[in-house]
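Could you build the full structure based on these sequences and the hints that come with them?
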Amino acid sequence: MRNRQATRLLSELSRAGRRGAEFPASDVPEWPLEDLLPASALADASPHLPELAEPDVVRHFVNLSTLNMSVDTHFYPLGSCTMKYNPKRHERLAGLPGIVDVHPHQTAGNIQGLLELLAEKQQMLAEISGLPAVSLQPAAGAHGELTALYVAAAYFRDKGESRKKVIFPASAHGTNPASAAMAGFECVELKGTEGGFVDLEELRRHVDNQTAVFMVTNPNTLGLFEKDIAAIAEIVHAAGGLVYIDGANMNAIMGITRPGDFGGDMMHYNVHKTFTGPHGAGGPGSGPICVRDFLADFLPGPVVRQRPGDDRRFELATPAKSIGRVRSFFGNVGILIRGYCYLRTLGAAGVRSAAEQAILNANYLKSLLADVLPSAHGEYCLHEFVASAEGLAKERGINAMDIAKRLLDYGFHPPTVYFPLVVPHAMMFEPTETESKATLDAFSDAIHKIVAEDAELLHTAPHNLPVSRPEEVNATRKPVLTWACCKD
Amino acid sequence: MDPASLKFTKTHEWVAVEGDVATIGISDFAVHLLSDLVYADLPPIGKKITQGEPFGEVESVKAVSDLYAPVSGEVIGRNDALPDNLDLLTTSPFGGGWMVKVRLSNAGELSSLLSQTAYKAHCDAEKH
Amino acid sequence: MSYLFTTPDEQVQMLQRIGVTSLKVLLDQIPEDLQLDRPLNMPPALTELELERHMRGLAARNAGASSRICFMGGGAYNHYIPSVVDELASRGEFYTAYTPYQAEASQGTLQAFFEFQSLISELSGLDVANASLYDGGSGVAEAVLMAGRCTGRTGRVVIAGSTNPEYIQTLKSYFANKSTEVIVVPTPQGTVNLEKLEAAVNDQTACVLVQQPNFFGCLEEVAAIGEIAHRHSALLVQSFDPLSVGLLKRPGDLGADIAVAEGQSLGIPLQFGGPFLGILACRQQFVRKMPGRLIGQTVDRNGERCFFLNLQAREQHIRREGATSNICTNQGLMALRATIYLSLLGPAGLKEVAELSCRKAHYAADRLTQIEGCERMFAGPFFKEFVLKYAHGADTAVRKAAAAGIDIGPTLSRLPELSWLPEDERDQCLIVAVTESRTREEIDQLVAALA
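In the order they appear, the protein sequences are chains A, B and C.
Just so you know, the numbering used here puts 125 at position 125 of the first sequence, and the rest follows in order with no gaps.
Numbering-wise, the numbering used here comes out as the position in the second sequence, counting from 1, plus 488.
Numbering-wise, the numbering used here comes out as the position in the third sequence, counting from 1, plus 616.
Note that these hints are calculated values from the structure, not bench results.
Accuracy of the hints is not assured; some may be wrong.
Stated by the list, open to error - One side of the interface only, derived from the structure: several residues of chain C facing chain B at Cβ under 10 angstroms:
#1 Pro659
#2 Arg930
#3 Arg935
What you are looking at is a predicted structure, and each value in this text was computed from that prediction instead of being measured.
Cβ coordinates follow ideal geometry from the N, Cα and C atoms, glycine included.
Listed below in structure tokens is the structure:
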């Protein structure tokens, strides 16, 4: 039922003279534009945008949407991404007038409802993290990392120290080293233990009085809790450094254990993951950070607080030694509100049971797949696990990508493949708590069928999707990134 | 160029020396390892490069690798045909696939490089 | 309520399969002394009905633009959003999908973002655009960092003082831990003084950053500023209003090498400042230095045209500390909204929105400045917003307007980075922005409120 006509490029659908939006005629005096604007600034013509009628636009994008897999339509066990159900109520509530239409420069007196909500959100994030001071400003998880590293740099500058090193394990997300480099630090990568954990000896060897921050994801990217986290924090703290907890995997531990309680000094949340943002085909996210009291003064501003002397009024304030800001305006409020609705729906018990069920689902799926896709690390896992297709690759010439692509034919989104880099032929599964046993069983059945299939069939998979295996080498040598290039 | 007459680095660059000019490229082994190269970023003429430091990069679909200078000196020639025809690296890594020519500033550095035999042994070790 | 589907019976079966007697065994991976021994201290769980009642109560205590008359500007604007934008962007196939790493399962997203890049390239007059950054402020910081990579210069960056002060503040945070000098050239006349700007540019300068129209709504001599930058082999980075190019020359036409923009005007609601849309475009030669995702066209195994995430080797998941940026999650859904919005407007609609906003702003300025004690702070040409100087004080103006159900602002005294304006004048200044959504009647009401 694919509509090839409607899914041609907008530029190809365009017909001169069509339009999809009209505006009222001007009701103010028609002064000549030349009198209003200097000739040197005026364009000769409006940009060459496509010309389409409203129904063209609707049919085009609705048909494009059907070419996607999504959480609403498919099981999406993409490891490290927490593809959980995105409740529909969030969309309605984030779209209420008085929320969706508030101008970011609106004065505090006119937005007391919103500020109360954001203050409550700060409190909930502080409670779940065990870290009392919160900035809701960062736009995404990586932006939260970067912000926290700026906070750390300002903290050390304030103390008269110029620490240059940021240390992280080899299994870290790429954002950790990228954020550290961007924030002006030197990166030091640590080899992990055979078991996939931080190697305390390695850590001791590298941590010194030049160490600013040790960044660690906990549970780590193998889905394992860093059992030595308290000792890790002690080593870093003894050298005067700070411990940063990458909160990418908070879905495993919310309500069960808290970064502030296991030694973290700073962390970020991924509201679009843990608190079901949603993902929006790549964004927007929201990456609030939580820090210990002694770092609170350095947070970006503004933050929301109760007005001194009047606990029912809220105001925006910039911390005393603030790093400034890391973006325009307050933050990705629309996503924060969805996260707020989620936490208010779940309550304390619901938050914990969501994490527990995520752990149960991951372990169940791990046990179902163990015979064909074993995991080298850990008898049990938390919310996700990393299996390896190395055996299949050696015995049958089937690689992780083949299995991933073939899963698409069976109507499942594949897991994350080839990450983390420390596991050969990695396949990283994160089923999340919002999947039923029946779905996990069906998924396992599909994997078992696939690994028994003809290898050639897998190398050329998928076979039932609109496209299969895009050519990448020539397309990367001579990139075509706009439709203007297609015409040449 | 005959690979047997070249000097190599452990990071897979090769050097051919004529007088005080060194021609630099990357080995067939490196090209095979990187697979499907899509882009090469080479330094401009006049740029001074330092032994052991990155002087450019090559990119494949899923990786970017730094090129490390096997010798120090000033860039006096650059293979401008290469970026648009990266297949030269596959078809002729030691010939048409050369990258830059450098006027040596310290010929003594050449003694720190590997012979072809030593380089091959290094590659064999890396494979395992 | 945790959106859970597994029944207690099934849980028992699952635990049996795993080979444990209870969930507690799985939680034992976490050292017991680190486990929280109490329930979280959070407000009680709410059903959907209760939550909606609660949220409506909170929403009712905020002044939203739809229930008032909004003349607010300073980086976010009350432009009209056609219903089609909301309807299409609310399709779950788009908004509940992940980043399109699996090309075969993401052709809808990939094509839409390829179209976004194409539209932004057209609006900016530059060869390539990425598939979005966070917002205008962090976009400016990314663009200036990128200019350093393109030129190999990290000594200095020169910023026009008429740039959005929040963007300047953001930029300074991004450079706080680096050796690069950030020179902000004050603009007491409201626009850049070319001589003063040139005096700040040296041979270690990576770029000159200018905003057009600038934060005060005024038009800069961008082409001349570009010539200064280029004379010193620096790049010109221009922050622009993507709707303004319905009337005004595009960054690429003015000599910009990198263009950045806040894309909120392109069909994105105000929502107290985010999520908005960071736009970045540049000349072809700099494409491999760009931050953010890029969608490329290619063909698949069967020769069918398709789209994929191109040039990923620049990005953090591959390049790690050498990446062009740390950005991972971007503003995909907002880029989709902008794509839908622009495809509805077309060239005629874009011109209409720009022209209506410009004409109405000029009518408003003309009427307001007839009030005694009311003048434009800066005299030069402007586009859709301007700085109003109100003799009785900017706060008084805001209060008077608010009493009539009208919002204006921000007042300049609320903003950082404007200390070069004399304090007494700053306290009298505020921004008034006019979009196509405003009517002559509403403008007249504002005039009456301030008279």
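Indices of hints not satisfied (ascending): 1
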